[in-house]
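Residue-level listing of the chains:
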Amino acid sequence: MSALIEAADLHFAYPQRPPVLAGASLSLSPGERLAITGPNGAGKSTLLQILVGLLRPQAGQVRAFGAERCEEADFHEVRRRVGLVFQDPDDQLFCPTVAEDVAFGPLNLGQSRTDALAMVDQVLSQLDLTSLRDRVTHKLSGGEKRLVSLAGVLAMAPDVLLLDEPTNALDEETTARLIEILLELPQAMLIVSHDPHFRRRVVTRTLRLRNGVLAPPEPACVPI
Amino acid sequence: MGHVLDATATPTPPDAMGAGPGPVRALDPRTRILAAGAFALVTVAIDSLLVLLIPLAMAGVALLAARLPMRQTLKRMVAVDGFILFLVVLLPFSVPGEAAFYLFGWPASWAGIAQAGAIALKANAIVLMLLALVGSMEPTALGHALVRLRVPALLVHLLLFTVRYIAVVDGEYHRQRRAMTMRAFRPGTNWHSLRSLGYLIGMLLVRALERSERILQAMKCRGFTGRLPLLSDMRFRRRDALFAALLLAMLTGLLALDRLHVGAH
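Residue numbers (my numbering), protein chains in the order written: chain A, 1 to 224; chain B, 1 to 265.
These are computed hints drawn from the structure, not numbers from a lab. The structure displayed is predicted, hence computed values, not measured ones.
Taking beta-carbon pairs under 10 Å as the criterion, some of the chain B residues facing chain A (in silico):
{"#": "1", "residue": "Gln-176"}
{"#": "2", "residue": "Arg-178"}
{"#": "3", "residue": "Ala-179"}
{"#": "4", "residue": "Met-182"}
{"#": "5", "residue": "Arg-183"}
{"#": "6", "residue": "Arg-195"}
{"#": "7", "residue": "Ser-196"}
{"#": "8", "residue": "Leu-200"}
{"#": "9", "residue": "Leu-204"}
Stretch by stretch, here's where chain A covers chain B in the computed footprint (C-beta under 8 Å, at least three residues):
{"#": "10", "region": "184-194"}
{"#": "11", "region": "206-215"}
We put the beta carbon where it would ideally sit given N, CA and C, even for glycine.
Only chain B is shown next, with the shape it has when bound in the complex:
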């Protein structure tokens, strides 16, 4: 597996490695999005548990190369694992097969454990790779790259405006909550609390809607006709081609290895 690790670690010439942004950030955002997509597709297609360790390792290396803050990234991982935890815990008991052990009289099957393991490995590998390749770019860069990848402009506008205004809505929520606290509101299990929190959410929605209309008016006043001009300039470079070629080779290798491994059983 040594050569695999080396391969992902050197997608860029050595001189770019030492530069501030790091090797992953030197790649074109479009390359990173497509790479993450291809990686996810191949990882999902792999059946062998053993072979699945390779994509996980690749994602780990990409994470190091992306130089993301470790703590924060692992926190996000844990959040994602929270979603699949339920599935992973239940699968051994819901998939029929030879019993591995019993819990309160319920049999846990080997087949279920294997499936749960595969799901956990796949999910973690894909999320790690997404965080490393896509999560390391500015949300606006993601939006611009998506437009250039011919994703419908409407969806991209949704993304860009969400990124821009989610903090505004969040700020509004917190200011209103503070104002409620100031009028001696302490949430409890009663109708008054439920009604008040309901009003709060309703008011946030009404305000967000009104704000969006005001924003649109302001945009129209500045000549908006449904197209956001994108100033970013993106270019595929040699390192993108190199990275794409290496990744493609590795993904093909992974698929072949998986066929061999599964075929051997």
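For reference, chain A alone in the conformation it holds in the complex:
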């Protein structure tokens, strides 16, 4: 089966800084849950933003859903089909209430208000968040914010999920709940995570980003 997202030989540097990506390549196949690890500041979030066209690489190609993506217009379709859950849920939640925030994506996809609200109820019940439906977003707890931001992305029924540090600042219970939710989802996922326990439970493959290049991680203990 062909890959959903492919990146080849990506190069990227922020102005006046050393390059963060120097020939990074990856490919994500349907059903896969691929983890990306690497030290702080290695460029993992940058990589995610390049894959969805929020940043343009200085060199290299991004292919998504069987087509080469270069221009802003190419990425409109990518963003409809790829859900990116941001590292900080506060970046994502900006509507006054949970229901409005979850409906934001479906409305952008052109759904009617009724359809969008039906989608909201469906996703909220899927994630067992119905009780939060009319709560004010900025008064949610950290764990609730994380799950609601995931709901906002799932409401767009994406084919691929990109998760940036999904377990950041979550307690054990909420982490366990998130793992349960993610394992039940059919989507292919690209997960940036520092959390080894989380990765062991969830992902099917791991790549390590180091010195701007993605490579399979070396085994933790090398037999002598």
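Dock chain B against the given chain A, drawing on the hints supplied.
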């Protein structure tokens, strides 16, 4: 006018001229703020168009002495000129007087053109001088200098915190905008877009307010009682006195010249 140009160019001893920061930056921030203020007051008071060219030249020399990046500074100038453009264009047509020319049947008066010219000259001279003297210092240095000039601490705190946190709020705005883009938001002329952007602005305000409370709490935990300790050490030196004396002489000269010039008509 030659001696005027020379005078502003040598406010510091020649040996300091070659040093990294340049002659303007060698002055005490307080001197620079007061100088810019005095310069602005005198420039505003000048009536003669011809005499107004002198402050503009002085500001130009100060700009060179401040060694600011040319492009960026001129861009800022253009931004300020954008504000007064409307006024300058409309004045010739709104001030009564002898007609200089007609545009679509509307008379433009000589008096209006002169007023528009005076406003443009004054605004540009003052803004250039402000950029050269005050704009060349770090915002925090400006805050510290203002405190020492007995500006109310509350206003200075506002300035310092704005400087510190505007980038944070800007960053938050851009991250939220990216998150919206990621959920397929494309602004258009419709209620959904307007409502969404409204929510965005509202959320930025709510977050900024909450953040400010958290910052205050953190500051209180470290013993803040309403006074920011200022570590910078500022001293008036000989070059400040020299600069102040020269500027004062030139500004007095300018006023006298202007009286003479206006009196001659």
